[in-house]
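**Q** In order, the protein sequences belong to chains S and C.
Numbering follows this note's numbering, with no gaps: position 419 of the first sequence is 419.
Numbering follows this note's numbering, with no gaps: position 206 of the second sequence is 1206.
Among the hints, erroneous ones may be present.
[Said to hold, decoys possible] Straight-line alpha carbon distances no greater than 27 Å define the calculated DSS-like cross-link-like pairs of lysine-lysine that follow:
#, chain 1, residue 1, chain 2, residue 2
1, S, LYS507, C, LYS1063
2, C, LYS1166, S, LYS460
3, C, LYS1166, S, LYS16
4, S, LYS310, S, LYS400
5, S, LYS507, C, LYS1161
6, S, LYS425, S, LYS310
7, S, LYS570, C, LYS1161
8, S, LYS16, C, LYS1240
9, S, LYS21, C, LYS1240
10, C, LYS1063, S, LYS700
11, S, LYS400, C, LYS1063
12, S, LYS400, S, LYS435
Bear in mind the hints are in silico, worked out from the structure with no lab data behind them.
Note that the coordinates shown come from a computational prediction; the quantities given were computed from them, not determined experimentally.
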Amino acid sequence: MAECHPVGFQWVMEAKERGAKVIHVDPRFSRTSAVADVHVPIRAGTDIAFLGGIVNYILENGREFREYVVRYTNASTIVTEDFRDTEDLDGLFSGYEEEDAAYDVSTWQYEGRELDETLEHPRCVFQLLKKHYRRYTPEVVEHVCGVPRDLFVEVAEALCQNSGRDRTSAFCYAVGWTQHTVGVQYIRTAAIIQLLLGNIGRPGGGILALRGHASIQGSTDVPTLYNILPGYIAMRHAHQTFGLQEFIRNTGNRNGYWGHLDAYLISLLKAWWGDNATSANEYCFDYLPRLTGDHSAYTSTLAAVDGKLKGYFLIGENPAVGNANGKLHRSALANLDWLVVRDFQEIESASFWYDSPEIETGELRTSDIGTEVFFLPAAAHTEKDGTFTNTQRMLQWHHKAVEPPGDSRSDLWFAYHLGRRIREKLAGSRDPKDKPILELTWAYPTHGPTQEPSAEAVLKEINGFTVADGKAVSGYEDLKADGSTACGVWIYSGCYADDENLPARRKPHWEQDTWVAPEWAWTWPMNRHIIYNRASADPDGKPWSDRKKYVWWDAERQEWTGFDVPDFKKSMPPDHEPSEGDVAEWGLRGDEPFIMQSDGKGWLYVPSGLTDGPFPTHYEPHESPFGNPLYGQQANPVRQVFHRKENPYNPTHGEPGADVFPYVMTTYRLTEHHTAGGMSRTLPFLSELQPEMFCEVSPKLAAERGLEHGGWATIVSTRTAIEARVLVTDRMSPLRVADRVVHQVGLPYHWGTHGLATGDSANDLFPLALDPNVHIQEVKAATCDIRPGRRPRGPALLGLVEDYRRRAGVS
Amino acid sequence: MTEQVGFFTDTTLCIGCKACEVACKEWNRVPEDGLNFLGQSYDNTGELGASTWRHVAFIEQRKPVDVEAKGSTADMRWLMSSDVCKHCTHAACLDVCPTGALFRTEFGTVVVQEDVCNGCGYCVPACPFGVIDQREGDGRVWKCTLCYDRLGVGLEPACAKSCPTKSIQFGPLEELRTRAQARIEELHTRGVVDAHLYGEDAADGVGGMGAFFLLLDDPEVYGLPPDPVVTTRDLPSMWKAAGAAALTLGAAVVVAVFGGRR
């Protein structure tokens, strides 16, 4: 966190000064480890074993926060008797269909609504959880992760001691957890721990996802993701022929706040199609684009390679460096008819046609590349109005300070004027497929010499307004399903209440009434800083302790109150029990804090929604030097892999040729550079801080492979070979795993061919092997070889890689 | 002179982010001075110089902190410290400057006027820390101004402003010294017995540094001289000795010429 969020990390340092214990679990000893109380070096790709070990430690030693677990989680829910766990099927859950490499989840469901609050029923979630993690002992953690058992116990014990009524512990994570073929399940394991310890919804608790850049939270909220609509509403699929109401019934929940999906979706449709959206035409529900399958980034890339994708807009992203298997991406870009890149700098994804590594090797030739590349300069955040939504769900407005130079324009300008021009070209068309575009609301006020659309007008639309009088709504509870409200992003509703730009607030915390400091900017939903904060009070509505009081029930005023905005129906008493016919939030009880879940509970067990299991399970990374010591099933049985010649895989443990790539490689970031380098490697003051690509290796690995500190090394996989300067350091330590010592090669991933600080790209070494739920690439753990010296230049590089492939038996 | 101001750098709070290096260069328009991979841990800046006025040092150590070290990095320590011109109370660079380019400001800081400096370089060997230096291609000397322009309008220096953990603290020197003493006591109580101050003592060889530090190891480990002395300290006694020698020599000459057989 110190490496990647140095400014945010000041709060960790403050907490530490107040006595908080900081534990850093990471394959490398980074700048975070330098100031942490404890550093736990771990084999990359084994965190589920580590976290599962903590789950087991809690359960075996009876350290769970019992009342919280019984009342606030689904621990007491009973699962059908057809369910089989990975303990029964040697690493698989019931319902695995080998041909599709997918699970039929029907055997994972609950058995009716029965609960066992004694948590003794053999098929209750609590007992199934115990059984699932029974073998994740401290000895197993040492064996799998390379973490000495005493150190593991120290961490588990510290967590247990610092949780409960009076104390809470927090987890902070980033892509070290998500960029795995079991990434989502990593997070799930932490969620299980925090639910067992009663740390969710409580001050000083929770799980903080440290996102990768200033507004990427915003880019999932108001999504740039292909499969969701703003506010995490599901997209329709083309094969579904049902209408709006059936869609709402299928994707919403009867109970909890998703019970108002109709209001959120219809308000969204009203925002997009305005007066054209009426109850007669299902509010233009039919105009929504529909998915024909997986349109995620990697699938789209392969479609481009196969000539099925003609054009691409690339905005504020640099996949030529940032995505796994860089060569695949650059080949994909070279196979498009047209490419539009918007960025401040000519990033590698825009310059690939003349300076990519494939030009050097001859695999691509500039004269043969037919892609028409449009590079459109983008305005920086200082040159435009708008918001960032950061990792805490906080919307912070930023004001334009200067005009963008030359032809640079904001993304808002681009999208608005592109839409305007398209609509002008389509004007008068009678073709039904043009109607969704022509009938959009597209009249934002513009101003200034470039006719910049008003970002504040967009913010208001995002907040929502009543159609009749155009007044801003005060929150998502005001949204209606009858077409009388419009709202661009229901979870952001409230940010512009009373027509006031709340994200622009800048009252420093020392001038505010509570430490929660609600008058700085605006946090979704409804300015709640900790979500599910109902759980900070007991079932009767009293804080679990005075020390950790946060929100509570005020019996006199018959409402929830506290230091934060209660994440609960303000007027719902703690003893509320739903009657027949009560739906949405009233369909939940007054002591069910997880208001977005259909059963109001925190899910230890996930009956549906995940493709790879109701419980996280330790699987080895797709490429690993080790066999899975816990199960016969080596890796995630439903991970997404692509067997094609452009995406070769290193042989994994047990396969012939695995010893050709005996080391674990992992990627990470440095403070000095920003993601794929477009915003840092082009600037002199940052480039000089970390000017060259380097790898980090332990002295033992350096000795084993003849690597010289300050010299060069070549790192090889079946994809390609890259070179890097060598940094020999004790901070990368060899680990004792299973029966032997394993070495890890550390690779910062920022470098590319373009800019002031140039170098080879680490992600070029990795294949496409994705998490099956969210299609995120596994770039945190794979295998490699490393050898001294620079890599061959030109076509000779291909010879080296070919040699390795031959030895590994990969064609 | 208003009260002397300076820096107290508490290196136990440094996370090595180098915001100080970047803020300094941006504010003062200091040029980039070399894209060189030095292999000095995460330090590719190397040292202070004409075009580096803030330099973060990274020192990797294996220090047995626990007899029963649990886990392979339990004995690892990574020291980080942001170095800067010390703005010495007795500043040798100031003493030796023949043109008056270097002067003591109303804040007690030492600043070079680049339009007066004639590039003689006399101050360069005078500095006991090796801070001030001539800029290649330019000839003049450059160094940290303690953001003289910012102080003039009531702002703190750019580096202190940008430091996210308040490792770099700016303020009146007396106040900083009191605060630093309290911090040392607190750290010692917490068991951080290695913590000590460097440059806070007004009786030291440079009369107390305008930028002093809280370190966790010997100054040499951080690349700092252990007992710096203003290099012009002995000048008065040197002149006295030279004067005495000259007088003695003169007296001997007189005796030799005018004394003896006459």
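**Q** Please go over all the hints and tell whether each is borne out by the structure.
**A** Here's how the hints hold up against the structure:
This hinted pair does not check out: LYS507(S) and LYS1063(C) have alpha carbons roughly 45 Å apart, beyond 27 Å. A distance of roughly 38 Å separates the Cα atoms of LYS1166(C) and LYS460(S); the hinted pair therefore is violated under the 27 Å criterion. Under the criterion of a C-alpha separation no larger than 27 Å, the hint pairing LYS1166(C) with LYS16(S) is consistent with the structure, at around 14 Å. Distance hint between LYS310(S) and LYS400(S) is unfulfilled; the C-alpha atoms sit about 35 Å from each other, more than 27 Å.
Proposed proximity of LYS507(S) and LYS1161(C) is supported: the alpha carbons are some 19 Å apart, at most 27 Å. Restraint check for LYS425(S) and LYS310(S): the C-alpha separation of about 20 Å stays at or below 27 Å, so the hint holds. Distance check on the hinted pair: LYS570(S) and LYS1161(C) sit about 41 Å apart at the alpha-carbon level, beyond 27 Å; violated. This hinted pair does not check out: LYS16(S) and LYS1240(C) have alpha carbons roughly 56 Å apart, beyond 27 Å.
A distance of roughly 60 Å separates the Cα atoms of LYS21(S) and LYS1240(C); the hinted pair therefore is violated under the 27 Å criterion. A threshold of 27 Å between alpha carbons decides the hint, and for LYS1063(C) with LYS700(S) the separation of about 19 Å falls inside it, so the pair holds. Annotation: proposed proximity of LYS400(S) to LYS1063(C) is violated, straight-line Cα distance about 50 Å (limit 27 Å). Taking the CA atoms of LYS400(S) and LYS435(S), the gap is about 35 Å. The hint is violated against a cut of 27 Å.
The earlier numbered hints that this structure contradicts are 1, 2, 4, 7, 8, 9, 11 and 12.
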